[in-house]
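Q: Heads up: the protein sequence lines correspond to chains A and B, in order.
Heads up, the first sequence is in this note's numbering, so the first residue is 274 and it goes up one at a time.
Heads up, the second sequence is in this note's numbering, so the first residue is 100 and it goes up one at a time.
By construction, these hints were calculated from the structure, which means they are not laboratory data.
The reader is advised that the hints may include incorrect statements.
In silico DSSO-like cross-links for lysine-lysine, where the CA-CA straight-line distance does not exceed 30 Å [to be verified]:
(1) K361(B) x K255(B)
(2) K281(A) x K242(B)
(3) K242(B) x K466(A)
(4) K255(B) x K512(B)
(5) K540(B) x K460(A)
(6) K291(A) x K272(B)
(7) K466(A) x K565(A)
(8) K217(B) x K626(B)
(9) K540(B) x K281(A)
(10) K217(B) x K242(B)
(11) K605(B) x K291(A)
(12) K272(B) x K255(B)
(13) K279(A) x K573(B)
(14) K281(A) x K255(B)
(15) K460(A) x K656(B)
(16) K573(B) x K291(A)
(17) K656(B) x K255(B)
(18) K279(A) x K272(B)
(19) K656(B) x K291(A)
(20) K217(B) x K279(A)
(21) K361(B) x K207(B)
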Amino acid sequence: MQVNLKIKRFDPTDSGGKTWWQEYEVDVHTDSTVLDALIEVREQEDGTLAMRCACRASICGSCGMRVNGNAKLVCKTRVESLSPNGEQLTIEPMGNQHVVRDLVVSLDTFFDQINRVEPYLQPSFVPEQGEYTASNESMENLVTSMNCIMCGICVSDCTVLEVDSNFIGPAALAKAWRFTEDPRDGKRDERLKALNDEDGGIWDCTRCLKCVEVCPKGVAPMDRIMELREAAIEAGNTNTHGYHHSESFYNSVKKNGRLDETRLAIDSAGMFNIPRMLDLVPIGLAAMRKGKLPSPMPHKSEDHKKVRELYDSVEGESK
Amino acid sequence: MYEHDVLIIGGGLAGLRAAVEVTRAGVDVAVISKVHPVRSHSNAAQGGINAPLTDRGDDWQGHAYDTIKGSDFLADQDAVEIMSQEAGEAVLELERMGVIFSRGEDGKLGTRAFGGQKVARTFFVGAITGSAILHVLFEQSLKLGLNVYEEWFVTKLIMEDGVCRGVVALDIKTGEMHTIKAKAVIMAAGGAGRVFEPSTNALICTGDGLALAYRVGVPMMDMEMIQYHPTTLARTGILMSEAARGEGAHLLNAEGERFMQKYAPDYMELASRDVVSRAEQTEIDEGRGFDGNVLLDLTHLGREFIEHRLGYLQEVSVEFLGIDMAEKPVPVQPGMHYIMGGIKTTVDGATNVPGLYAAGECANVSVHGANRLGANSLLDTVVFGRRSAVHALDYIKGVGPASRAEEDLASEKARLQVLLDRPPGERIATVRDDMARGITKGIGVNRDQASMEGALENLVNIKSRLPGVSVENKGKVFNTDLMFALELEFMVDCADTIVAGALARKESRGAHYRTDMTERDDENWLKHTLVYKDDAQEHGTRVETSPVTITQWEPVKRVY
């Protein structure tokens, strides 16, 4: 099978950094993965192409890169699935991370994020002999996060990191979840408070679902982040922008059947948070100039009673 | 130039376990690895880690005997005794560090059955045990602030008056060469699976550690003992864990027969790996296979069970072959998987070179002998990784700083420059593939004098082509092409020792099955083969032998 590849190249040493696109055509077996095709390029066409790969079995996490715009583990991506009729495949390095050369990105961003969540068990006691007693369910629950192979794919395509490099990021937060949910860990409250309070913490996720979509191992980082939020609130961390935001959202829709955006902004910041209120002024003015300032007067939707019934129904079910 | 008291080459389980031990002692240590530690091949271990836990009614002698029987009595029994005795604490310690081992109803660690053992003593995390342990040891390394030279490639061990004093290494990210001096070096650089094609091993398993040690005079022991895993996925060669059979999967031939009945009526699919692989090969060779495969059937286990306990296997089966294991059996074949042989060490990880230790797959203690039991490799890494660190800590107390390091740096720089300056010639991959296919053909599940001589002849040809291999990439930053050229030289050294060991052993034992000498010969061959590098010899190798240590189990006929 002929595979047509368009690869983004980068040479950092060529007059301070040169980027270009290079096209290759290789012949591989019909079952081949994108990685097989790239290895064929590297070994038979162009030995200067730099990329990482090791296990070829989606367990080492080396070969994350963007294929046709989405980050993927190329060892787990079959050519046929993306190019059934020989369409050209576009290969780029992962996003949100510094490119070292060609398809190789620096691991520093990723592991700096991981390091921010104290990524190791901090038990309150260590058994003198034997193991900790814990239910099998509690351990199996953690497999979701331990399936993470630290490939960096969720970090690559995280839409928050694209605009806010201070965000702890999906992989590190999924890692943090692995400890807050581990019954052997003794720092659950401290961890939740830190993740809640920290700039770039759990409330910075915009729930865009991208990490869930691209994660090759089913870790579903965003779901883990939402569970961290719930756990943080349950642990009493309610005096935050994020909590006020979701509370206002909840109340506004419940009461009016629609979102009162002005109220949402004020509630989220806190009415008496003067500096934050002042921050909002230019945003409000800009929105007004573009005709996008929501009406400051709350108004109910016609069907707000039906929305209320939905609330009651859902809340009844969860009780 | 850099300097540490202890330098560990390799960031997999053996290396990280050793590093944790040295760090705890408050001694200056660093890990150097050509990949980030979490990319190490320890990840690929799926099924579990063996340990006889006495409070669960098991005993260490039972595990030791199963291991020795599995080894076809080639393992050194003193080493096996140590491994079995230390296994329980080694596994429990991993749990206390945070490994999320599967549990029983009582909330204590639960087990699954594994090959070559009648007692279920394999502790596990789904089918990701290696990865789950590696990531927890990595967590510990972050907690301890371990110094890691990530993506640094060791090209040479520094020797001074017969003593190992550090390494010369290439920083792959910058292309610069450096010396790292050390009072002791622990080699934990993994196996050499890529000497074969196909192999379940990662592309990084190129025998670097074995070759580095071999070049400074350390003997490679029992290199002919190559494990072919019975269940690697058709076409792709991806490993399908023994856990599948441990959890009850059957092996079927084209006639729908559970053929292991004929070869191992007592243990069936859970006989030792060499026995099962050989049985499969016989079925395939006698025309009862499917296109060079047999079938691994899990359908009777049910979807929920498969997805719960063997999730990773289902993932690869669906991804790579499009087969849902709950619905249909998957085609599998024997595939090169592990080297039992390696750097000869004492039970403390010491080699014959002072200052050089080894642990994990690159080492041969020997606990696996002629055939390793499934789930004993992870155990080997943590037990002997720790022991080599303990011994190295003791050794460095009387060692002063090295003096000659810069000389080696200059000579290594010159050697690499010669590689880079070669005119265009043969591609690295072409020569590598020719070597690996030749070795696999000659040193397979079955072998005989002619096939092994064929492998040797092929290797002679490969060695004559080596100087004509060129490095296409002349750049500095992330020049993997240069690294592959160096890896190829390492692999050829490993191939030398494998072929030499195989030709020397005139019997069948464990994985070394000769169709022209089908019997085990305890009278003449209850001993280890030791291959030394010796340029005065025709093929650059000299083979010696050493006795096997027998403590309490006299060799008997091996029946499963």
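Q: Now look at each hint and say whether the structure bears it out.
A: These are the hints, each one checked on the structure:
1. Only pairs whose Cα atoms come within 30 Å are accepted, and K361(B) paired with K255(B) is rejected, the gap being roughly 49 Å.
2. Simply put, K281(A) and K242(B) have alpha-carbon atoms about 37 Å apart, too far for the 30 Å limit, and the pair is violated.
3. At most 30 Å may separate the alpha-carbon atoms for a hinted pair to count; K242(B) and K466(A) meet this at roughly 20 Å.
4. Using a Cα cut-off of 30 Å, the hinted pair K255(B) and K512(B) holds, with the two alpha carbons roughly 11 Å apart.
5. Among the hinted pairs, K540(B) with K460(A) is inconsistent with the structure: their alpha-carbon atoms are about 55 Å apart, more than 30 Å.
6. Between the alpha carbons of K291(A) and K272(B) the distance comes to roughly 17 Å, so the proposed pair stays at or under 30 Å and holds.
7. For the hint pairing K466(A) with K565(A), the CA-to-CA distance comes to about 36 Å; that exceeds 30 Å, so the pair is violated.
8. Taking the CA atoms of K217(B) and K626(B), the gap is about 27 Å. The hint holds against a cut of 30 Å.
9. Proximity of K540(B) to K281(A) is assessed by CA-CA distance (about 39 Å); at most 30 Å being required, the pair is judged violated.
10. At roughly 39 Å between alpha-carbon atoms, K217(B) and K242(B) are farther apart than 30 Å, so this suggested pair is violated.
11. This hinted pair does not check out: K605(B) and K291(A) have alpha carbons roughly 59 Å apart, beyond 30 Å.
12. For the hint linking K272(B) to K255(B), the alpha-carbon distance of about 18 Å falls within 30 Å, and the restraint holds.
13. Using a Cα cut-off of 30 Å, the hinted pair K279(A) and K573(B) holds, with the two alpha carbons roughly 23 Å apart.
14. A distance of roughly 34 Å separates the Cα atoms of K281(A) and K255(B); the hinted pair therefore is violated under the 30 Å criterion.
15. The suggested pairing of K460(A) with K656(B) is violated, with an alpha-carbon distance near 55 Å, which exceeds 30 Å.
16. Annotation: proposed proximity of K573(B) to K291(A) holds, straight-line Cα distance about 16 Å (limit 30 Å).
17. For the hint pairing K656(B) with K255(B), the CA-to-CA distance comes to about 43 Å; that exceeds 30 Å, so the pair is violated.
18. Taking the CA atoms of K279(A) and K272(B), the gap is near 24 Å; set against the 30 Å cutoff, the hint holds.
19. Between the alpha carbons of K656(B) and K291(A) the distance comes to roughly 66 Å, so the proposed pair goes past 30 Å and is violated.
20. With a C-alpha separation of about 54 Å, the suggested pair K217(B) and K279(A) falls outside the 30 Å cut-off, and the hint is violated.
21. Restraint check for K361(B) and K207(B): not satisfied, since their Cα atoms lie roughly 38 Å apart, outside the 30 Å limit.
Figure legend: structure checked against the earlier numbered hints; hints not met, in rising order: 1, 2, 5, 7, 9, 10, 11, 14, 15, 17, 19, 20 and 21.
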